[in-house]
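*Asks:* In order, the protein sequences belong to chains A and B.
The working numbering applies: residue 3 is where the first sequence begins, and numbers increase by one.
The working numbering applies: residue 608 is where the second sequence begins, and numbers increase by one.
Accuracy of the hints is not assured; some may be wrong.
[What the hints assert, rightly or not] Chain A side only, calculated, beta carbon under 8 Å to chain B, not exhaustive:
| no. | residue |
| --- | --- |
| 1 | Thr27 |
| 2 | Val29 |
| 3 | Thr35 |
| 4 | Gly39 |
| 5 | Ser44 |
| 6 | Leu48 |
| 7 | Gly55 |
| 8 | Ile58 |
| 9 | Val68 |
| 10 | Gly70 |
| 11 | Trp72 |
| 12 | Leu93 |
| 13 | Ser94 |
| 14 | Arg96 |
Keep in mind the hints are simulated off the structure, nothing from the lab.
Yeah, the Cβ is synthetic: ideal placement off N, Cα and C, and Gly gets one too.
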Amino acid sequence: MTTAGAARQLIRPCTLVYLVLVLLTGVTWAVGTAGLGGLPVSLLVLAFALLKGQMIGDWFMGLRGVRGIWRWVVAIWLLIPGGLVSLAFVLSDRG
Amino acid sequence: MAVEQKLALESGVDIRTAGDERKPYPPGDLAIWIFILAELLVFGVFFAAYAFTRMSHVELFNQYQLTLDRDAALINTLALLTSSYFAIRGVVAAREGNNALCARWIWAAVAMGGVFLVVKTVEYAHHIGEGINLSTNEFYMFYLSLTFFHFMHVILGMVILAAVALKAGRGGYSADDHTGVETGASYWHMVDLVWLILFPLIYVMR
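Assemble the whole structure, with the sequences as input and the hints as a guide.
*Replies:* In structure tokens form, the structure reads like this:
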């Protein structure tokens with residue numbers, strides 16, 4: 003067995019996804035704790051949140067293994083409120 | 608026409624999905640997914656309402672956001688993520704027909720949900736102690752109502768997971784029949800999913 007193959011067996015895909023989710027959460031918290039703000043930072047933090055949401059949908063909810071409209075329900079949900087929140091932040095930034 | 612396509616047509620299989628091993632429906636009972644969609648819709652409206660209300664009160668929202676405990680929010684986010692991870696491990700155990708392992712993972716998920724409730728209750732106690740309520744200002748109105756609405760969903764999710772764990776503990780699932788585990792886990796992942804948006808929106812974005 004190759005080293006890569008052994009590593010794949012040691013770390014389940016869902017474990018890897020969990021670790022990435024924890025990492026992105028840490029970045030979000032660090033941004034907040036550092037007091038960073040403004041439109042680009044807010045949109046970046048929101049993008050991280052949407053990415054995390056899609057990872058939950060794909061890997062934890064199992065939508066990765068589904069076809070048709072059900073495959074995209076979480077993605078659609080993330081895009082609509084995510085888009086509206088982005089729009090509100092952009093508009094408020096323009097004053 | 609390719610042989611596979613011809614055979615697929617003759618057998619009545621849609622050639623676009625012939626050979627596609629993906630399933631037509633998500634894991635778990637379809638009814639829970641209708642419920643999940645309804646819940647997501649409500650939370651989505653809440654999120655948009657928060658962001659558009661903030662447009663008229665940017666300074667107020669930024670000022671009072673600083674009064675929130677981001678460390679507590681981090682602990683809660685990690686608790687829910689870990690809980691979701693435990694739930695998916697429980698689903699995997701159920702698919703392998705291992706009821707005892709499934710029960711242990713799901714109880715662990717419930718315990719992490721308990722961590723969330725304790726931390727959030729401490730946060731609420733702090734706010735109440737400072738005399739903060741829904742009428743204090745627009746920011747706290749959204750913060751308290753949104754997070755408490757989510758808090759209630761955490762409680763419901765824990766009740767569902769506890770029922771799943773109890774049934775698994777009695778050997779109630781098998782490799783062929785574990786829809787209940789997938790159903791409970793799907794609801795729990797939705798609770799996690801909503802918090803993953805709520806956390807940056809309320810606690811970080813400014």
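*Asks:* For every hint, state whether the structure bears it out.
*Replies:* Comparing the hints with the structure gives:
1. Thr27: For Thr27 of chain A, the interface hint holds, since the closest Cβ of chain B sits about 5 Å away, which is under 8 Å.
2. Val29: Violated. Min distance 10 Å.
3. Thr35: Since the shortest Cβ distance to chain B is 6 Å, the answer is holds.
4. Gly39: Holds: closest Cβ of chain B sits about 4 Å from Gly39 of chain A, inside 8 Å.
5. Ser44: Since the shortest Cβ distance to chain B is 4 Å, the answer is holds.
6. Leu48: holds, 6 Å
7. Gly55: Check passed: Cβ of Gly55 of chain A comes within 5 Å of chain B, closer than 8 Å.
8. Ile58: Ile58 of chain A check passes; min Cβ-Cβ to chain B is 5 Å, inside 8 Å.
9. Val68: holds, 5 Å
10. Gly70: This interface hint holds because 6 Å falls under the 8 Å limit.
11. Trp72: OK, holds: Trp72 of chain A within 8 Å of chain B, min 5 Å.
12. Leu93: Status holds, d = 6 Å.
13. Ser94: With Cβ-Cβ at 4 Å, under 8 Å, it holds.
14. Arg96: Constraint on Arg96 of chain A not satisfied, violated at 10 Å.
Going through the hint list in order, the structure does not satisfy hints 2, 14.
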